[in-house]
Each structure stands twice: as structure tokens, then as C-alpha cells.
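Engineer: From first to last, the protein sequence lines are chains C and R. The UniProt record's numbering applies: residue 1 is where the first sequence begins, and numbers increase by one. The UniProt record's numbering applies: residue 1 is where the second sequence begins, and numbers increase by one.
For the record, the hints were derived by calculation from the structure and aren't laboratory data. Among the clues, some could well be false.
List of simulated lysine-lysine pairs, BS3-like, C-alpha gap at most 25 angstroms [said to hold, decoys possible]:
1. C:K565 / C:K94
2. R:K325 / R:K312
3. C:K306 / C:K176
4. R:K109 / R:K99
5. R:K109 / C:K255
6. R:K325 / C:K255
Every beta carbon over 10 angstroms from chain R, so not counted as near; a handful from chain C, in silico [what the hints assert, rightly or not]:
7. S68
8. W178
9. P238
10. I241
11. E246
12. M247
13. V259
14. P353
15. A374
16. K391
17. V404
18. I413
19. T504
20. Q555
21. L580
22. L589
We treat Cβ as the ideally placed atom computed from N, Cα and C, and that holds for glycine.
Here is what each chain is made of, one letter per residue.
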Amino acid sequence: MTVTASASGARPPVQRWLLVWALALAAALVVFLLQDRLPWAVNYPAEAVVPVADWVSALMRWIKSNLSWLTRSITAVLGVPLDFALNLLAKNFKIGHGADAYVLPRLSWVGVCAAAFIAGHAAGGRKLGLLVGGCFLYIALFGQWTSAMLTLALISIAVPFCIVTGLFAGIWAWRKPWAERLIVSPALDLMQTIPTFAYLIPMLLLFGNSPVSAMIATAIFATPPMVRATMLGLSRVPSEIDDFSEMAGCTARQKLWRVLLPSARPTLMVGVNQVIMLALNMVIIASMIGAGGLGYDVLLALRALKVGEAMEAGLAIVALAIALDRLSQAVAHSQAKGHVQQQANQSFWRRYPNLSLAIAILVVTTLLGLFVPAFAAVPKAITFTTAPLWKAAVSWVTINFFDVIEAFRVALILNVLNPLRAFCEGFPWLGAVFLLGLAGYQLSGLRLAALVAALTAFCAVTGLWEKTMATVYLCGISAFIACLIGIPIGLMAARSDRFEKIVTPIIDTLQVLPSFCFIIPVVMLFRVGDVTAMIATIAFAVVPAIRYTNHGIRQVPPALIEAAKVSGCTPRQTFFRVQLPLALPEIMLGVNQTILMALAMIIICAMVGTRDLGQEVFIALSKADSGRGIVAGLAIAFIGIVADRLFNAWTAKARARLG
Amino acid sequence: MTEATEPQAVGVPKDARPIKLACRNVWKLFGSNAANFIRERDGKASMADVAAAGLVGAVRAVDLEIRQGEIFTIMGLSGSGKSTLVRCMSRLVEPTHGKVEFEGKDLLKISDAALIELRRHRMGMVFQNFALLPHLNVLDNIAFPLSIQGQDRPTREARAREVIELVGLRGREHFYPRELSGGQQQRVGIARSLATKPEIWFLDEPFSALDPLIRREMQDELMRLQTMLHKTIVFITHDFDEAIRLADRIAIMKDGEVIQIGTPEELVVNPATDYVAEFTRDVDRAKVISARSLMRACDGTEHGGTVSPDAKIASFSASIVASGKPFAVVNGTGKPIGEVTPQAVIGLLAGLDRASA
Numbered sequence: 001m002t003v004t005a006s007a008s009g010a011r012p013p014v015q016r017w018l019l020v021w022a023l024a025l026a027a028a029l030v031v032f033l034l035q036d037r038l039p040w041a042v043n044y045p046a047e048a049v050v051p052v053a054d055w056v057s058a059l060m061r062w063i064k065s066n067l068s069w070l071t072r073s074i075t076a077v078l079g080v081p082l083d084f085a086l087n088l089l090a091k092n093f094k095i096g097h098g099a100d101a102y103v104l105p106r107l108s109w110v111g112v113c114a115a116a117f118i119a120g121h122a123a124g125g126r127k128l129g130l131l132v133g134g135c136f137l138y139i140a141l142f143g144q145w146t147s148a149m150l151t152l153a154l155i156s157i158a159v160p161f162c163i164v165t166g167l168f169a170g171i172w173a174w175r176k177p178w179a180e181r182l183i184v185s186p187a188l189d190l191m192q193t194i195p196t197f198a199y200l201i202p203m204l205l206l207f208g209n210s211p212v213s214a215m216i217a218t219a220i221f222a223t224p225p226m227v228r229a230t231m232l233g234l235s236r237v238p239s240e241i242d243d244f245s246e247m248a249g250c251t252a253r254q255k256l257w258r259v260l261l262p263s264a265r266p267t268l269m270v271g272v273n274q275v276i277m278l279a280l281n282m283v284i285i286a287s288m289i290g291a292g293g294l295g296y297d298v299l300l301a302l303r304a305l306k307v308g309e310a311m312e313a314g315l316a317i318v319a320l321a322i323a324l325d326r327l328s329q330a331v332a333h334s335q336a337k338g339h340v341q342q343q344a345n346q347s348f349w350r351r352y353p354n355l356s357l358a359i360a361i362l363v364v365t366t367l368l369g370l371f372v373p374a375f376a377a378v379p380k381a382i383t384f385t386t387a388p389l390w391k392a393a394v395s396w397v398t399i400n401f402f403d404v405i406e407a408f409r410v411a412l413i414l415n416v417l418n419p420l421r422a423f424c425e426g427f428p429w430l431g432a433v434f435l436l437g438l439a440g441y442q443l444s445g446l447r448l449a450a451l452v453a454a455l456t457a458f459c460a461v462t463g464l465w466e467k468t469m470a471t472v473y474l475c476g477i478s479a480f481i482a483c484l485i486g487i488p489i490g491l492m493a494a495r496s497d498r499f500e501k502i503v504t505p506i507i508d509t510l511q512v513l514p515s516f517c518f519i520i521p522v523v524m525l526f527r528v529g530d531v532t533a534m535i536a537t538i539a540f541a542v543v544p545a546i547r548y549t550n551h552g553i554r555q556v557p558p559a560l561i562e563a564a565k566v567s568g569c570t571p572r573q574t575f576f577r578v579q580l581p582l583a584l585p586e587i588m589l590g591v592n593q594t595i596l597m598a599l600a601m602i603i604i605c606a607m608v609g610t611r612d613l614g615q616e617v618f619i620a621l622s623k624a625d626s627g628r629g630i631v632a633g634l635a636i637a638f639i640g641i642v643a644d645r646l647f648n649a650w651t652a653k654a655r656a657r658l659g
Numbered sequence: 001m002t003e004a005t006e007p008q009a010v011g012v013p014k015d016a017r018p019i020k021l022a023c024r025n026v027w028k029l030f031g032s033n034a035a036n037f038i039r040e041r042d043g044k045a046s047m048a049d050v051a052a053a054g055l056v057g058a059v060r061a062v063d064l065e066i067r068q069g070e071i072f073t074i075m076g077l078s079g080s081g082k083s084t085l086v087r088c089m090s091r092l093v094e095p096t097h098g099k100v101e102f103e104g105k106d107l108l109k110i111s112d113a114a115l116i117e118l119r120r121h122r123m124g125m126v127f128q129n130f131a132l133l134p135h136l137n138v139l140d141n142i143a144f145p146l147s148i149q150g151q152d153r154p155t156r157e158a159r160a161r162e163v164i165e166l167v168g169l170r171g172r173e174h175f176y177p178r179e180l181s182g183g184q185q186q187r188v189g190i191a192r193s194l195a196t197k198p199e200i201w202f203l204d205e206p207f208s209a210l211d212p213l214i215r216r217e218m219q220d221e222l223m224r225l226q227t228m229l230h231k232t233i234v235f236i237t238h239d240f241d242e243a244i245r246l247a248d249r250i251a252i253m254k255d256g257e258v259i260q261i262g263t264p265e266e267l268v269v270n271p272a273t274d275y276v277a278e279f280t281r282d283v284d285r286a287k288v289i290s291a292r293s294l295m296r297a298c299d300g301t302e303h304g305g306t307v308s309p310d311a312k313i314a315s316f317s318a319s320i321v322a323s324g325k326p327f328a329v330v331n332g333t334g335k336p337i338g339e340v341t342p343q344a345v346i347g348l349l350a351g352l353d354r355a356s357a
């Protein structure tokens with residue numbers, strides 16, 4: 001006996017944890033099996049549900065009735081620049097009322113395309129100019145001009161707002177560490193994990209169904225990356241530059257605006273790029289609360305199951321996304337060249353030749369539009385539509401492959417999705433709280449355990465347990481399959497430069513596409529349901545798995561690989577025993593991102609008929625039931641935070657072990 | 001050239017010049033409650049005390065005086081506290097205890113506005129990694145300290161062009177820092193710190209990030225500038241050879257303490273500790289030791305020539321060995337105060353003096 005006792009005393013901690021986990025799982029299983037006796041531990045009792053949703057609704061009602069002067073004035077103030085941008089790009093300026101109103105035309109499409117070309121040319125050369133100009137021309141020729149310009153106008157007003165707000169919030173957080181720790185970081189985490197839909201509900205309630213509320217939702221959603229970029233950029237400025245500004249005798253303000261922020265410019269520009277892409281993504285989704293534009297076209301077409309039209313509008317979104325992304329990236333990377341001697345006091349034309357040229361073209365073409373209708377609106381004669389083509393393609397596929405697709409879909413639902421769903425929905429909430437808490441404790445300690453358990457309990461206590469688990473199931477299986485596809489692709493890309501060259505532009509493009517666009521082609525083939533949601537989510541969430549895996553393997557120091565080779569490792573051994581273990585933390589980070597993206601996408605897939613928290617938000621949106629929507633949104637955010645914290649703790653632990 | 005020199009500093013013996021900057025029992029401790037710790041002990045604590053209180057002593061009990069127009073070098077290995085000390089002197093780092101006196105006035109007591117004013121007009125600093133602003137070209141970088149003082153563009157650019165000329169960067173005015181080599185970037189850093197005509201010039205390992213050949217060239221450049229400008233220089237380095245080459249006086253730091261202050265010759269001839277001796281061991285002694293240290297009383301033999309007491313041995317070693325006769329060491333009035341024998345010089349060159357020591 002003494003022998004076993006001493007052996008168990010000397011047990012490594014890993015084995016002890018195995019034992020703990022076995023016991024915990026067994027306990028959870030017992031609760032599951034005893035659900036007749038302990039029903040309250042499996043399904044949260046309905047009579048004990050805390051009516052958080054009602055409280056939130058009451059609060060929102062109070063705000064609405066008592067602060068309407070505020071919301072109305074915000075709407076009025078923000079409406080001015082927004083209307084201007086909308087009129088300038090998409091509608092026309094109407095001066096006066098009725099039939100005798102004088103109409104100032106919007107910017108001519110010819111001019112906008114030319115300006116896009118010039119901007120691309122100035123930022124990144126001929127190739128970029130052709131790409132950006134081409135994207136705009138594509139939008140014009142495929143008859144999406146007005147919608148696309150509505151979308152662009154909203155973005156062009158929301159983005160500067162996001163940048164300024166994000167910059168100041170970031171500066172504040174950087175200056176005051178307590179503010180960062182207590183306010184900004186938690187707020188950013190929450191803002192980035194709350195599903196986009198959930199933003200729409202309070203906006204709808206407070207600001208009505210209008211472009212202004214869409215713009216505010218967009219601004220809130222797209223600001224976090226700018227805050228993060230500002231904080232990161234400022235903290236990354238070398239301490240010597242900081243010292244220099246002190247020694248040069250800068251005041252605090254001079255130091256910030258003339259030294260630190262300009263030095264942080266590259267990081268800030270990355271933030272700007274992300275703001276633009278997120279704003280585009282959100283403007284598309286905000287079409288549900290009156291943003292109009294391309295998103296609205298997609299929405300209408302999807303509701304009427306007109307796949308052709310949906311596809312066309314979706315492709316226009318893709319074109320707009322690519323143009324904006326490449327352009328802002330090129331601007332971020334462009335650096336001033338100093339060899340050319342600049343002369344002071346030049347005329348505006350000489351100093352900004354590209355800008356002057358673009359303005360000139362815009363003015364000339366717009367004025368021409370007064371006399372030549374072809375300049376004002378894209379003539380019907382030169383536009384073409386691909387809608388019938390897409391429709392025909394879908395019909396052909398459905399006619400010829402209906403049986404195959406249907407068999408696949410049904411088999412997937414019956415054999416994989418339904419059993420898994422049943423298991424998840426039947427999982428005792430108490431067991432989940434306990435097991436996740438235990439994981440948190442093992443990975444980091446009591447604090448994480450308490451956080452994870454509390455967030456999980458929130459989902460149950462608010463009476464959303466079943467829907468939460470439905471979300472977890474769909475998100476989990478999608479993320480799992482995305483990793484199953486993405487990690488091997490990432491590994492292959494890491495091992496072959498040629499393969500990487502092929503993969504990189506594809507995932508770059510996938511990444512800039514608004515989430516909406518992924519649904520369209522899948523709906524065509526699989527109609528609505530869990531399978532569609534799953535496939536769209538996989539396509540959306542696969543990118544980080546590929547990217548991080550590739551990066552993780554490639555960043556293993558060459559010296560280590562040489563050391564492995566010199567020690568006589570076969571390529572296989574080098575890979576499995578050196579590269580893979582060292583890349584594991586990075587790969588796990590990719591998995592974490594994949595899960596978060598899958599979660600975001602699953603919610604949007606409520607549009608194609610899933611039955612989970614997303615549906616809850618969607619219903620709340622259509623009923624303008626803010627309490628219900630916000631609580632469901634928080635539950636979704638909490639799933640994301642739980643997953644994110646656990647994975648991060650695990651990655652940090654693995655990193656610490658690798659040193 | 002309109003460089004402001006400091007007339008009273010030229011031609012006056014170095015140790016009679018006024019004190020420009022002084023540290024009086026300066027401490028920088030890191031850790032919780034460090035200020036109370038050192039105040040309770042009245043500015044006195046041993047290394048063991050500091051460690052026992054769970055504090056880290058970056059700078060401990062430093063006393064030094066820097067005289068006008070001298071190159072004062074602070075030399076120490078990484079982690080010795082030299083960078084923290086120079087930041088205490090310029091108040092980039094707030095010392096935990098002690099006084100930093102600029103022309104007799106306690107720098108730690110002046111207001112923020114006065115400090116900004118002082119830094120704008122009387123202090124300059126050069127950094128190890130250049131600390132150039134990436135978004136400005138050479139001209140704007142150099143004019144930057146003037147621009148934040150509110151000088152208008154023509155005035156500040158005229159001054160910037162003057163210092164560009166001074167450091168030999170003409171033709172590069174419109175280059176951006178990333179388009180320049182390391183040596184050129186540091187020339188920009190030097191020019192930028194000189195643009196405001198500072199009286200005291202902090203150089204924080206200015207040449208450590210450069211290749212050895214470029215480093216040598218920049219050291220010569222610094223000496224050339226100093227013969228024109230006569231600044232009070234605080235030069236930080238981890239390279240003892242660099243310190244010997246440039247310094248009028250050297251302070252050697254270890255674990256936050258200054259363990260010896262002296263001229264290069266004093267350090268070589270009389271190292272205070274084994275640690276200092278370790279640094280001086282490989283120094284080319286003929287270039288450091290002067291006739292004064294090697295001379296003995298005249299014993300009446302015929303002299304082959306005369307040297308001044310401050311002449312370095314290397315400057316006359318070849319001629320004394322060739323002549324085979326002792327050289328008289330004469331003071332300013334031409335009166336012999338001793339003599340240096342060829343044997344002593346050969347002994348020094350051969351390292352015999354150390355073998356016996």
C-alpha cells in the first residue's frame with residue numbers, strides 16, 4: 001500500500017488532471033442519465049428564469065420616451081452630411097419642392113469611374129488603377145450603380161466618424177491604463193463578439209428605420225479596430241522617439257500630434273483599412289433597418305428566392321469590397337519619396353496633380369450629364385444582366401443533380417446534424433457550467449473559472465439554454481469542419497511556395513467579402529436550413545485556419561530546422577517533431593479565430609432558417625423587441641468570449657512552455 | 001559659421017572651468033515605495049539593503065560634476081545604469097532621490113514649463129537608434145525642434161541648412177530617414193540636436209548601432225565638431241576604447257554605482273578596482289599615458305629633445321628611441337621639471353611596467 005501511496009504522491013500534475021476530468025465527465029453523465037429525477041439540472045426551470053429581457057425592454061422604452069429629443073436631434077444632425085453624401089453619389093440634389101424643383105445632378109458615373117482609376121493609379125500604379133477603375137466600371141455596366149453608390153455614400157460618412165472616434169478612444173485608453181483595463185478593453189471585446197444583428201435592434205428602436213440608424217449601427221460596429229490600432233500603434237512607438245520629443249521640449253499636445261501619432265501611421269493605416277472593410281460588411285447587413293443599397297437588393301432578392309438577382313447584387317458587393325480593400329491597403333503602404341526637390345508655394349494644381357485631375361473630371365462629366373443623359377445615368381443600352389444566366393445555371397444544376405444534392409443534404413441532416421443537435425440541446429446546463437469552469441481553472445485559475453462559469457450560467461438563467469446549445473452545436477460543427485479543411489491547406493501552403501502563391505489571393509479575397517455574400521450561392525443549391533448555414537459558415541470561417549497555420553509553420557526559425565536536419569531528422573520527423581509543435585500555439589490562435597468567425601456567421605445564417613440564438617435575434621428584429629434581441633445578442637457574445645478566453649489561456653500556456 | 005561658442009570656456013584650464021551639471025547623491029530605485037525607502041535612510045543604503053527591500057537599484061548614490069566644455073564620458077556595460085543616469089540628468093527619468101543641478105539650480109524642482117523651456121534652448125540629445133521621425137524628411141527632421149518652438153518656416157529652414165552643412169549632409173535634405181544609411185541617419189540625429197544651439201549635449205551611445213569603420217569615422221567627426229563648438233558633452237558608451245578616445249574624463253559605472261571618475265590616464269595608471277583594471281588592460285597605453293606620468297627627476301645626462309608634460313608617449317616614442325637620449329619635460333615657461341628616458345618608453349611600449357606590477 002505504501003508503494004501505491006508514494007506513487008500517487010509522485011504523480012505528475014497532468015495525470016491528476018486526467019483523473020479530475022474523468023470524474024467530472026462521469027458526474028455530468030450521471031446528471032444527464034438522471035434527468036427524470038433532476039430535471040432542473042438539465043433544463044433550466046422556466047419559473048426561475050430571470051427576466052433580463054423584460055428589464056432591458058423597459059429600459060429601452062424609458063430611453064425612447066424620455067430621451068427622444070436627444071435621439072431626434074442626433075438623427076437630424078447626422079442626417080445632414082449623410083443626405084449630402086447620398087445626394088452627391090446616388091440621388092440628386094433637389095432644390096425646392098414639387099414639380100418646379102430645380103435638380104442638381106449627382107456625380108456622373110463616368111467621372112466616378114475615372115476618379116477611382118486615378119486614385120488607384122496614384123496609390124499603387126497602373127495595375128491598381130485598372131483594378132479599382134475596373135471594379136467601378138463593372139458595377140456600372142451590370143446595372144448596380146445607384147445601389148452601390150448608396151452603399152458607398154453611407155460608408156464614406158461612417159468611416160471618418162469611426163476613425164475620429166476610434167482615434168480619440170484609443171488615445172484615451174493609451175493615456176489612462178485604468179481606462180483601458182476597466183472600460184475600453186472589455187467594451188471592445190464585447191463589441192466585437194456581439195453579433196451584427198444585435199446592434200440593429202436598439203438602433204431601430206431609437207432612430208427608426210432610416211439610413212441614419214444604419215449609419216450609427218455601422219459606426220459602432222466598425223470602430224473597435226481603430227481603437228485597437230491606435231492603442232497598438234502608440235504603444236509600439238520606440239521609447240527613444242518618446243524621449244526625443246521630451247528632449248526637444250514638446251508640450252504634451254505637440255508630442256502626441258506631431259511625434260507619436262505620425263510615427264504610428266503604418267499601424268493606424270492598418271486600422272483604417274479594417275474600419276473600411278467592417279463598415280462595408282455592416283452597411284450590407286444594416287440594409288435591414290433602412291440602409292438601402294446593395295444589401296437591400298440582396299435581401300429583397302433572397303426573400304423572393306430570386307437567386308439570379310441576389311447573385312448579381314452580391315457580385316457588385318464583391319467588386320466594391322475588392323476595390324476599397326486594395327485601394328486602402330495601397331494608401332497604407334505608400335510612402336512618400338523624398339528625392340524630388342519640392343518647391344514651396346506651388347499652385348494647388350502642381351502640388352496635388354492627381355486630386356486636381358480627379359476633381360476636374362468629376363466636374364466636367366457631371367456638367368456634361370446635364371446635357372448628355374448618358375453621363376448622368378448608366379444608359380440601359382450598355383448595361384447587361386447576368387441574372388438569367390445564374391438562374392439557368394441553378395435550374396440546370398437542380399434538374400440534373402437534384403437527387404445527389406438532396407441525398408447529401410438529407411444524409412448530413414439525419415446522420416450528423418440531428419443527433420449532434422439532440423445531444424447538445426439535451427446537455428445539462430449545470431454540467432456545462434461546471435465543466436467549462438473546471439477547464440478555466442485548469443488553464444488559468446480561479447478568475448477565469450469564475451468568468452467562464454458566470455457567462456455560461458447567464459445563457460441558462462435567461463432561459464435561452466436550448467437555443468444557446470443549438471448555436472454551439474452549429475457553430476461547433478462548422479468550425480470543426482473549417483479547421484479540418486483549413487489546417488491541412490495551411491500546412492500544404494507552408495510546405496510549398498507555389499501552393500502558397502495560389503492560396504494567398506484566394507483567402508485574401510474570401511476575407512474581404514462581406515458575410516452576406518457567402519450565403520447566396522449556397523442557398524441556390526441547398527435551399528434554406530442547417531446545411532446551408534453550415535456550408536456558408538465553413539466557407540466564411542476557413543480563412544484564419546489556413547492563414548495562421550501557414551504563418552505558424554513558416555515562422556519556425558530556420559536555425560531550428562537546420563539543427564533538426566543536422567541531427568539527422570527525415571523531412572517527416574522534422575515536420576512532426578520540430579515544426580508542428582513549435583507552430584501549435586499559432587495554429588490554435590487560428591482555430592480560435594475560426595470559431596469566432598463561425599459564430600458571427602452562424603447568426604447571420606438565421607436568414608436562411610436556422611433555429612438558434614440567431615433566429616431569436618432575427619425575430620426580435622422583426623418585432624422590434626429590443627430586450628429579447630439584446631439578451632440573445634449578449635448570449636451569443638458570451639459564447640464567443642468563453643471560447644476566446646479558454647483558447648487564449650490554453651495558447652498562452654503552450655507559449656509559456658515553449659519559452 | 002555662426003555657431004555659438006562659449007568664450008569663457010576656451011583657453012581656461014579644464015579643472016578651473018565652472019560646473020555645468022552636477023549630480024548630488026542621485027538614486028533611481030524601481031519597486032514599490034522606493035521613495036520612502038531611500039528617504040527614511042537619509043539617502044544612504046547598501047546594495048544588500050536595496051535588494052532586501054525588494055527594490056532594483058538602477059542608479060545608486062551617484063555624485064559627479066561635469067564642467068563646462070568638457071567631454072564627460074559615462075562608461076559601463078549593459079545594465080550598469082548608465083542610460084538611466086543620463087535620463088536622470090535630463091529628467092527624462094525622475095530620480096527617486098538626490099539633486100541634479102544645472103548651473104547650480106536644482107533641475108528636479110523647476111516647473112514643467114521651465115523644464116520645457118530648458119530643453120528647447122539649452123539641452124540637446126542624440127540617441128542610440130537615432131530616433132528620427134519616419135514621416136519627415138531630413139530637412140524637416142532637423143528643423144523639428146525649432147518648429148515646435150514656433151519658429152517660422154524660413155528661419156528654421158535656414159538654421160537647419162546651416163547644421164546640415166556642418167555635419168556634411170548637403171544634398172540629402174529631401175531624403176527620408178529610411179532612405180539613408182545608419183551613419184547618415186546618425187548625422188541627421190546629431191544635426192537635429194545641434195539645431196537649437198544647446199549648451200549641454202547628451203549623447204546616449206550614439207555610435208553603438210553603427211559598423212566599426214563608420215563608428216570610427218563618426219568619432220572623428222564628433223571631435224571635429226567639438227573643436228569648433230566647445231559644447232559640454234555627456235557621452236554614454238559601453239565601449240572603453242571609444243571612451244578613451246573621446247573623453248576628457250570618464251566615469252565608470254557598475255551595478256548602478258559610479259566606481260571611478262578620472263581622466264583616461266588616471267584610470268590607466270591608477271585603476272581604483274580590479275574591475276576598472278580589467279577594462280584598462282588592453283588599452284594602448286602609449287596613447288593614454290603622458291610624459292608627466294613617466295618622468296623622473298633629471299640626473300644630469302644630456303637631453304635629446306624636449307616635450308611638454310601633457311604630451312602622450314606615443315607622440316614622441318619614435319623620436320626618443322631613435323635619438324637614444326632622455327627628453328627633458330619642460331613646463332610652460334621652458335623650465336625642465338624632469339626627464340623621460342628611452343628605456344622607460346620602451347618599457348611602457350613592451351608592457352614591462354605592468355608585468356612588474
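Engineer: Please name the hints from earlier in the document that this structure breaks, with their numbers sorted from lowest to highest.
Structural biologist: Result: hints 1, 3, 6, 9, 10, 11, 12 and 13 break, sorted rising.
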